[in-house]
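> Could you build the full structure based on these sequences and the hints that come with them?
Listed below, chain by chain, are the residues.
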Amino acid sequence: MDTEKLFDQVAHLARLGPYSAEARAKMAGEFGRTLDLFKVLSEVPAAPAAVRDQGPTNSCFRDDAAVPPKAAARIVKNFPQKEGSLLKVPKVIE
Amino acid sequence: MDSILDLSAVQTAGKVKAGQLRPLEILDAYYGRIEKLEPKIKAYLLLLKDRAYGRAREMEARLKSGRPLGRLAGVAVAVKDNMVLEDYPTTCGSKILEGYVSTYTATALERLENEDALILGKTNLDEFAMGSSTENSAFGPSRNPWDTSRVPGGSSGGSAAAVAARMACAALGSETGGSVRQPASFCGVVGLKPTYGRVSRYGLVAFGSSLDQIGPLARTAEDAALIFDVISGHDPKDSTSLVPSKIQHPSSSTQHLSGIKVGLPKEYFSVEGADPEVFRVTEEAVKVLAAGGAKIEEVSLPHSRFALPTYYIVAPSEASANLARFDGVRYGLRAGGQAGSLLGLYKASRTQGLGHEVQRRILIGTFALSHGYYDAYYGRAQQARALIARDFEEVFKNVDFVVSPTAPTAAFKLGEKTQDPVSMYLSDIFTIPVNLAGIAGASVCCGFSKDNLPLGLQIVGPAGRDEDVLGLAAHWERLTRGQYIQIPQGVKNG
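So the protein lines, in turn, are chains A and B. Sequential numbering from 1 applies to the first sequence in the working numbering. Sequential numbering from 1 applies to the second sequence in the working numbering.
None of these hints come from the bench; they were simulated from the model. We treat Cβ as the ideally placed atom computed from N, Cα and C, and that holds for glycine. Errors might be hidden in some of the hints.
Claimed, not checked - Straight-line Cα separation of at most 25 angstroms, DSS-like style, residue types lysine-lysine; simulated pairs: (1) B:K295 x B:K397; (2) B:K413 x B:K450; (3) A:K91 x B:K95; (4) A:K91 x A:K77; (5) B:K49 x A:K77; (6) B:K417 x A:K26; (7) B:K295 x A:K39.
To be verified - Some chain B residues judged to face chain A by a derived CB distance under 10 angstroms, without partners named: (8) V101; (9) S102; (10) R305; (11) D327; (12) V329; (13) R334; (14) K347; (15) H356; (16) L363; (17) A368; (18) D420; (19) P421; (20) Y425.
Put into structure tokens, the structure is as follows:
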């Protein structure tokens, strides 16, 4: 697949664009050059390497304990738009 | 220059606690300095004057009533603007977070303030911490106090510039691939990238979650160690936070330099495109360590050549997922006009709100994770990452530390590398392997270029040995009698 076609597909997946012709050419060119940088990874030994140990951490699962909730007023105080304790959002288009 | 600004963090806290220095005087000195230099350096995105003065008055009242103050009493710090502080904006150097006000505070900032540090303001950065110069900030670049025609490094360039120019006593930055150490090197200050998991990422806006760490920038290794000690430690709010009992304590062997083994990775000293002057200054520094009693030997990190491409697959892949939330609906900027559809709204908001470099990295990451390419790119990069980590594990069986230059060049000119992203990426070539391996690394100034620009010595240690890494940096400062802890001439008198 040519780089520009691939670029358009990836841009759609990434929820980016559409770009002007000039911006698209620049971005697609840089995208292609960055992919060139990755070619050396084809020399990485193909045998699977050991899974990396991220180090000793606690389980992210917490005890199922009842805790006081954060006060609603504190949660909503920095919302850009609100009505009482409710977040006001712009209309969804579809 | 005001003598308050000459004090280190350790000295400042000591004087405040002894009642010899008032927190309000400290703020007057620093905000006065910022007022003079900010138009030249552009280190800050937001000043928190009212908040800081309020906290300083509260501290003075506490001091008067005989109640104790914390370990960072009155230490004026700057924090990178990708850490959230409740009730204040967080921009991440991006237009897409326009109007966003934080709803909670990052653990690292909470810990600073629990020990009575005074947060002066939030500093400039490359957008979402993606960059090596601050030139990717949507609000314009910061300047290097040693030469304002040059970059301060990045992405924590605002924090490093503020510390170097005495516009903050110390600062917090964050690293994904060298964003504390590289600007520390360019600005002639000390910077630490802690072992992954030692500092909570709660409240740090995510870029590459398996790589991100918050780290201190300071004038001395002793100051960096104090700040690290305050901000580190287990945090149940971060599931990758290390359990305290498993963290290694400072080794007694680093109390003295004699017998310490320092490895020089041969692959680093043959990197193409590096300035020979950088290697010369590093080799001189190594001679000083050897004269101080350290045993120097050559080591090999054979998979280093894979580090740069590996990083530029792993970090953008994680970024593409982490930044998917910035869609025009949940945060900040929403594209105006008729987007036509929900998909159109997402695309238009992201394309208008995110900068060029961030978009490029999201595209690369999306590509590397996509069907048909995942194994050849992301899968292969993860294999390479494991090999890079294993290289360090092998080397640390024989030596205590690995030492190298922090960056392949001194600070470069503004605009010099903006047209060539790959050349910009190369400025992190010595720092990136440390992030991929999740281990500890620091930068300390070890000399100056012929243009009188600071050059950093990178000290790398095994996972959990952060205190020892800063211990060796402190040894270096003692051996050289602090001769490289300097104020840039151009900003000496404001």
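> Evaluate each hint against the coordinates.
Do the hints match the structure? See the list:
no.	hint	in the structure
1	B:K295 x B:K397	15 angstroms, holds
2	B:K413 x B:K450	15 angstroms, holds
3	A:K91 x B:K95	22 angstroms, holds
4	A:K91 x A:K77	21 angstroms, holds
5	B:K49 x A:K77	22 angstroms, holds
6	B:K417 x A:K26	16 angstroms, holds
7	B:K295 x A:K39	38 angstroms, violated
8	V101	4 angstroms, holds
9	S102	7 angstroms, holds
10	R305	7 angstroms, holds
11	D327	7 angstroms, holds
12	V329	8 angstroms, holds
13	R334	7 angstroms, holds
14	K347	5 angstroms, holds
15	H356	8 angstroms, holds
16	L363	5 angstroms, holds
17	A368	8 angstroms, holds
18	D420	9 angstroms, holds
19	P421	6 angstroms, holds
20	Y425	8 angstroms, holds
When held up to the earlier numbered hints, the structure conflicts with hint 7 and nothing else.
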